[in-house]
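Visitor: Residue numbers (our numbering), protein chains in the order written: chain X, 1 to 501; chain U, 1 to 116; chain B, 1 to 147.
No lab work stands behind these hints, which were simulated from the structure alone. Even for Gly, the Cβ is constructed at its ideal location relative to N, Cα and C. It cannot be assumed that every hint is accurate.
To be verified - Under the rule of at most 35 angstroms between Cα atoms (straight-line distance), these lysine-lysine pairs were calculated in the DSBU-like manner:
1. U:K21 / X:K103
2. B:K9 / X:K97
3. X:K156 / X:K289
4. X:K47 / X:K103
5. X:K496 / U:K21
6. B:K9 / U:K21
7. X:K103 / B:K57
8. X:K103 / B:K67
9. U:K21 / X:K156
10. X:K321 / X:K496
11. B:K67 / U:K26
12. U:K21 / X:K289
13. X:K482 / X:K496
14. X:K289 / U:K26
15. X:K156 / U:K26
What the hints assert, rightly or not - Derived coverage of chain U by chain B (criterion: at least 3 residues anywhere in the stretch with Cβ under 8 angstroms from a Cβ of chain B; other residues may be distant):
16. 88-94
17. 97-107
To be verified - Okay, the calculated beta carbon distance ranges per label pair:
18. U:L6 / X:I63: 40 to 46 angstroms
19. U:A69 / X:P474: 53 to 59 angstroms
20. X:Q197 / B:C82: 57 to 63 angstroms
21. U:L6 / B:C82: 25 to 31 angstroms
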Amino acid sequence: MLPLFVAIPLGVGFLLPLIEEFRERTQFFAVTVLLETGLLLALSLVKFGEESIYRLGGWRPPIGINYVLDGLSSLILVVISGIAFVTALFAMTYMSKYENLGKFYGLFSLMLAGMYGVALTGDVFNMYVYLEVAAISSYALVGFNRGPEELEASFKYLIMGAVGSIFILLGIAMLYGSVGSLNIADISVRVSEVSDQSFILLSTALFIVGFGLKAAFIPFHSWLPDAHSSAPTPISAMLSGVLIKVLGVYALSRILFNGLNLPNLTPEILTWIGAGSMFIGGMIALGQKDLKRLLAYSSISQMGYITLGLGMGGIFMSQGKPAVATLALIGGVFHLVNHAAYKSLLFLFSGGVERIFGTRDLSQIGGITRVSPVSGATGTIGTLSISGIPPFNGFWSKLVIVIAAIWGGLYPIAGIVLFTSAITLAYYLKVQRELFLGEVAGEITDKGKISPGIYVPLLILAVCCIGLGLLYLPEIRGIVLKPAALALQEGSEYTKLVLGL
Amino acid sequence: MLTYLLAFILFAVGLYSVINKRNLIKIIMGIIIMEHAVNAFLILIGYRLSGEAPILEEGMAISEFVNTAMDPLPQALVITSIVISLGVVALMVAIAVRLYQHYGTFDITEIRKLRG
Amino acid sequence: MTGMSPIVKTVTRWVSPFILAFGIYIALTGHLTPGGGFPGGVIVAGCFILITLAYGKERVEGIFDLKSASVTDSLASLSFLCMGLLGYVFGGGFLNNFIQSGFPGKAFELLSGGNMPIINIAIGFKVGGSLFVVFAYLALFRAIEEE
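Chain X with its partners taken away, still in its complex shape (with noise of 0.2 angstroms):
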């Protein structure tokens, strides 16, 4: 079963385009992705908390490739499924009046086998080549527009990620040479066997490097905000809400924590680009006025939480203290879930702004929930959420990092923390007066535009992210999460399941 997860979406890419050299059907492709996503979303569901791995070929793991089911990976699934299916939803109404809708929804279908691939392989190199197809696809979409700011944007990510992905393949490289495997269970048995560790600091450095400029931690962030904000509206939901997690954390702490066994000081220096990015991107995001910027550099802060809390789950880890790096792990698994679902209603939320005011500028629009009162209430949610508010999820997962940190004794790390909370809150305020209430400001272009399609998306995102926050009962945290959390830290399980040890 699990090679159809790459192999629908990868017939849909090659197909559309295929069909749209003869005939120009937008509602057909429309509906056909659609049903792809929702086909892959029903067997992500069904999958769900299933361990399998699948042989490719059918040659033994050493050797051949092989595609691995685990808690993390059923969990990634899920949220690239769920996430996907919604965007398609939207971009059925808001994506008609384009041209070219062959193209983009192929190259949609391609970055979602590219994504699908890098959450279920087992090899390093397979992994590679499945971000590079994610990548090429996103880089493509993000200029689909091909006005001189989307193509400027498009060339920035290119090059950013392009030099991102060199890093990843010398890592590879070098990873290889002095291992002698490709296959991450194998790495792992074999990576303490080996007498000269420091190539396998230097590739892990290298990867560090390569990914961070895939998920943008904040040295590496610079091509994200434009990237997002010039992307057509449904594609800056996947690259904000699935894309930058798949390629960048998760590619990166699979290698690192199931592969490497996670290197000397690799789990400080992940926490420490964590509070980093958390705390710059939430600064920058603070000076925005275009709405899609701020969500971008909003996008790199909550990055940043994602990753302080594997990064600390490493800390603990190494420290021998395997309950609390369970629930650092839990922290960032579900804080990665929840800023899934929040950020791509706030973008494509976004999208509906653009439509109603034909502008995305703060300072010139205002009064959204008395044009639109459903989206209005959608986007408060989604602000809410994100602020960290009681009932919504945001909340829950920040508190389980916080709980994480000051139980561990990472005293700072839980002050960076708690202050990034109180920015997040300050810039959400500032779009919650500026955008929601007030006075109806700007010019309404046309208020017809906000059919169903629009917000029936939002809406079903909207009671996502009030649901989810039941993830944080023990119990259904313990079906959900645990697994996902636990995939990380025993790395001689994964091992175990691959090998056949």
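With the hints as your guide, set chains U and B onto chain X.
Guide: Okay, now just chains U and B, sitting in the frame of chain X:
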């Protein structure tokens, strides 16, 4: 070891070009140089002095094969990475040409509408 | 584009059939000798690119225009995927070699690779088509500029 060093110098040349040059085409060339440096490094990992093609012929002992054959895996990886870099470079060149049509220049400091 | 000098045209006319044949050979025997779908496809695309450069793009358009190149591109990728799925259905795993009976195959025999030659041909078409599309689009940019 010297050969590894040469690959790294090539890599550094490419990185310098990407970071320091202002012309879009020179940046693209920097990316290409970096990619080729990594490819050369991958090939050098699998290289063995006076090694043979890794084909197991009839009547050949496994131990002899292991002692003489080169490692074929890096070569397979290199052709994959060449294909990927082909795609990336094609996209980069296409976008650079488009940018040239809009702005009439390849200078990156003049192509600056986005800020922040 | 009206093409290059008579020398180039003549040489191209002499050489291009051989380049095409060599590309096809490389793609067809990819499972036996060094080479395979990707190098073969590159050589085939190189042949068409050479003709375009020497004679101008009107000459090639009769044989291999942009639309048919991108259709080839998509069809070839789809057929590769079909081979993978057929392996999934008949061979028990994605991309399993479901045609081959004996292992290992006989050396230097064309029909000894099971599904490998078919996959190589698909890759050859895919690479040839997409490389030509890349070239043709970049040439198209230039044509717009000259107008």
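Visitor: For the pair supplied as a hint, K482 of chain X and K496 of chain X, is the alpha-carbon distance within the 35 angstroms limit?
Guide: holds, 19 angstroms
Visitor: When I compare C-beta atoms, does the region 97-107 of chain U have three or more residues closer than 8 angstroms to chain B?
Guide: Our answer is that it holds, as 3 residues pass the Cβ test (under 8 angstroms) against chain B, meeting three.
Visitor: Is it true that the CA of K21 of chain U sits at most 35 angstroms from the CA of K103 of chain X?
Guide: holds, 33 angstroms
Visitor: Check whether the Cα positions of K67 of chain B and K26 of chain U lie no farther apart than 35 angstroms.
Guide: holds, 32 angstroms
Visitor: Taking only the CA atoms, is the gap from K21 of chain U to K156 of chain X under or equal to 35 angstroms?
Guide: holds, 14 angstroms
Visitor: Is the straight-line distance between the alpha-carbon of K156 of chain X and that of K289 of chain X 35 angstroms or less?
Guide: Roughly 21 angstroms between the alpha carbons, so the hint for K156 of chain X and K289 of chain X holds.
Visitor: When you take the CB atoms of A69 of chain U and P474 of chain X, is the distance between them in 53 to 59 angstroms?
Guide: holds, 56 angstroms
Visitor: Does the structure keep K496 of chain X and K21 of chain U at a Cα separation of 35 angstroms or less?
Guide: With Cα atoms ~49 angstroms apart, K496 of chain X and K21 of chain U exceed 35 angstroms; violated.
Visitor: May I ask you to test the hint 57 to 63 angstroms on the CB atoms belonging to Q197 of chain X and C82 of chain B?
Guide: violated, 46 angstroms
Visitor: Taking the CB of L6 of chain U and the CB of C82 of chain B, does the distance hold inside 25 to 31 angstroms?
Guide: violated, 44 angstroms
Visitor: For K321 of chain X and K496 of chain X, compute the direct alpha-carbon distance and say whether it is at most 35 angstroms.
Guide: holds, 23 angstroms
Visitor: Starting from the hint 40 to 46 angstroms, judge whether the C-beta atoms of L6 of chain U and I63 of chain X obey it.
Guide: violated, 31 angstroms
Of the numbered hints listed earlier, those contradicted by the structure are 2, 5, 6, 18, 20, 21.
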